[in-house]
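Asks: Sequence:
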Amino acid sequence: MADEFVSTQQFDEFVKRIEERFDHVNELADQRFDSMNQRFLDVEKRMEQDAVHVDRRFEQVDRRLDDLHVEMRSLRRTMLGLGVPVIVVLLGAIVTGLVKVLFFNG
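Oh and the sequence shown: position 28 is 134 in my numbering, straight run, nothing missing.
Everything labelled a hint here was simulated from the structure, so no lab data went into it.
Accuracy of the hints is not assured; some may be wrong.
[To be verified] The calculated lysine to any residue pairs, modelled on SDA-like cross-linking and capped at a C-alpha distance of 20 Å, are:
#1 K122 to N132
#2 K151 to R163
#3 K206 to V190
#4 K151 to A135
#5 K151 to D161
#6 K151 to D140
#7 K151 to F139
#8 K122 to V112
#9 K122 to F111
Work out the full structure, taking the sequences as your base and the hints as a guide.
Replies: Written out as C-alpha coordinates, the structure reads:
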(Lines of atoms letter the chains of each structure in order from A; the text may use other names.)
(Lines give C-alpha, C1' and ligand atoms only; values in the text may rest on other atoms or scores of the structure.)
Protein backbone atom coordinates (compact mmCIF):
# COMPACT_ATOMS: atom_id res chain seq x y z
CA MET A 107 0.00 0.00 0.00
CA ALA A 108 2.91 2.33 0.71
CA ASP A 109 4.20 1.60 -2.79
CA GLU A 110 1.09 3.21 -4.20
CA PHE A 111 1.91 6.59 -2.70
CA VAL A 112 5.70 6.59 -2.09
CA SER A 113 8.36 4.86 -4.10
CA THR A 114 11.04 2.79 -2.42
CA GLN A 115 13.67 5.30 -3.49
CA GLN A 116 11.69 8.18 -1.96
CA PHE A 117 11.20 6.19 1.24
CA ASP A 118 14.92 5.39 1.41
CA GLU A 119 15.68 9.10 0.91
CA PHE A 120 13.26 9.94 3.72
CA VAL A 121 14.92 7.41 6.04
CA LYS A 122 18.34 8.80 5.10
CA ARG A 123 17.27 12.36 5.94
CA ILE A 124 15.74 11.27 9.25
CA GLU A 125 18.98 9.50 10.17
CA GLU A 126 20.95 12.64 9.25
CA ARG A 127 18.69 14.70 11.48
CA PHE A 128 19.11 12.26 14.35
CA ASP A 129 22.87 12.36 13.85
CA HIS A 130 22.69 16.15 14.04
CA VAL A 131 20.56 15.93 17.19
CA ASN A 132 23.09 13.51 18.70
CA GLU A 133 25.91 15.93 17.91
CA LEU A 134 23.99 18.76 19.56
CA ALA A 135 23.25 16.58 22.60
CA ASP A 136 26.95 15.65 22.85
CA GLN A 137 27.89 19.32 22.68
CA ARG A 138 25.41 20.13 25.43
CA PHE A 139 26.72 17.30 27.60
CA ASP A 140 30.28 18.49 27.04
CA SER A 141 29.22 22.03 27.94
CA MET A 142 27.52 20.82 31.12
CA ASN A 143 30.54 18.72 32.08
CA GLN A 144 32.78 21.73 31.58
CA ARG A 145 30.49 23.81 33.78
CA PHE A 146 30.60 21.16 36.50
CA LEU A 147 34.39 21.08 36.27
CA ASP A 148 34.50 24.88 36.53
CA VAL A 149 32.23 24.84 39.57
CA GLU A 150 34.32 22.11 41.18
CA LYS A 151 37.51 24.08 40.52
CA ARG A 152 35.95 27.23 41.97
CA MET A 153 34.85 25.30 45.06
CA GLU A 154 38.38 23.97 45.54
CA GLN A 155 39.78 27.49 45.24
CA ASP A 156 37.23 28.75 47.75
CA ALA A 157 38.14 25.89 50.11
CA VAL A 158 41.79 26.90 49.92
CA HIS A 159 40.81 30.51 50.60
CA VAL A 160 38.69 29.47 53.59
CA ASP A 161 41.55 27.33 54.92
CA ARG A 162 43.89 30.33 54.72
CA ARG A 163 41.40 32.49 56.57
CA PHE A 164 41.06 29.84 59.31
CA GLU A 165 44.84 29.72 59.60
CA GLN A 166 44.87 33.50 60.09
CA VAL A 167 42.15 33.26 62.71
CA ASP A 168 44.06 30.46 64.48
CA ARG A 169 47.21 32.60 64.55
CA ARG A 170 45.26 35.54 65.95
CA LEU A 171 43.69 33.35 68.62
CA ASP A 172 47.12 31.98 69.54
CA ASP A 173 48.43 35.53 69.85
CA LEU A 174 45.45 36.43 72.03
CA HIS A 175 46.07 33.38 74.20
CA VAL A 176 49.71 34.39 74.70
CA GLU A 177 48.63 37.92 75.55
CA MET A 178 46.11 36.61 78.09
CA ARG A 179 48.84 34.54 79.78
CA SER A 180 51.09 37.58 79.91
CA LEU A 181 48.28 39.65 81.40
CA ARG A 182 47.58 36.95 83.98
CA ARG A 183 51.25 36.90 85.02
CA THR A 184 51.30 40.69 85.23
CA MET A 185 48.16 40.76 87.37
CA LEU A 186 49.58 38.07 89.63
CA GLY A 187 52.89 39.93 89.83
CA LEU A 188 51.10 43.13 90.81
CA GLY A 189 48.51 41.53 93.07
CA VAL A 190 50.75 39.41 95.28
CA PRO A 191 52.80 42.34 96.64
CA VAL A 192 49.62 44.29 97.36
CA ILE A 193 48.16 41.34 99.25
CA VAL A 194 51.44 40.85 101.18
CA VAL A 195 51.49 44.54 102.15
CA LEU A 196 47.86 44.41 103.28
CA LEU A 197 48.43 41.24 105.30
CA GLY A 198 51.57 42.81 106.80
CA ALA A 199 49.61 45.90 107.77
CA ILE A 200 46.88 43.81 109.36
CA VAL A 201 49.38 41.65 111.27
CA THR A 202 51.31 44.75 112.39
CA GLY A 203 48.07 46.32 113.58
CA LEU A 204 47.13 43.17 115.49
CA VAL A 205 50.58 42.90 117.08
CA LYS A 206 50.38 46.55 118.20
CA VAL A 207 46.91 46.07 119.65
CA LEU A 208 47.70 42.79 121.42
CA PHE A 209 51.19 43.45 122.74
CA PHE A 210 51.66 47.17 123.09
CA ASN A 211 48.27 48.39 124.30
CA GLY A 212 48.01 46.15 127.25
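Asks: To test your reading of the hints: which numbers does this structure violate?
Replies: 3, 4
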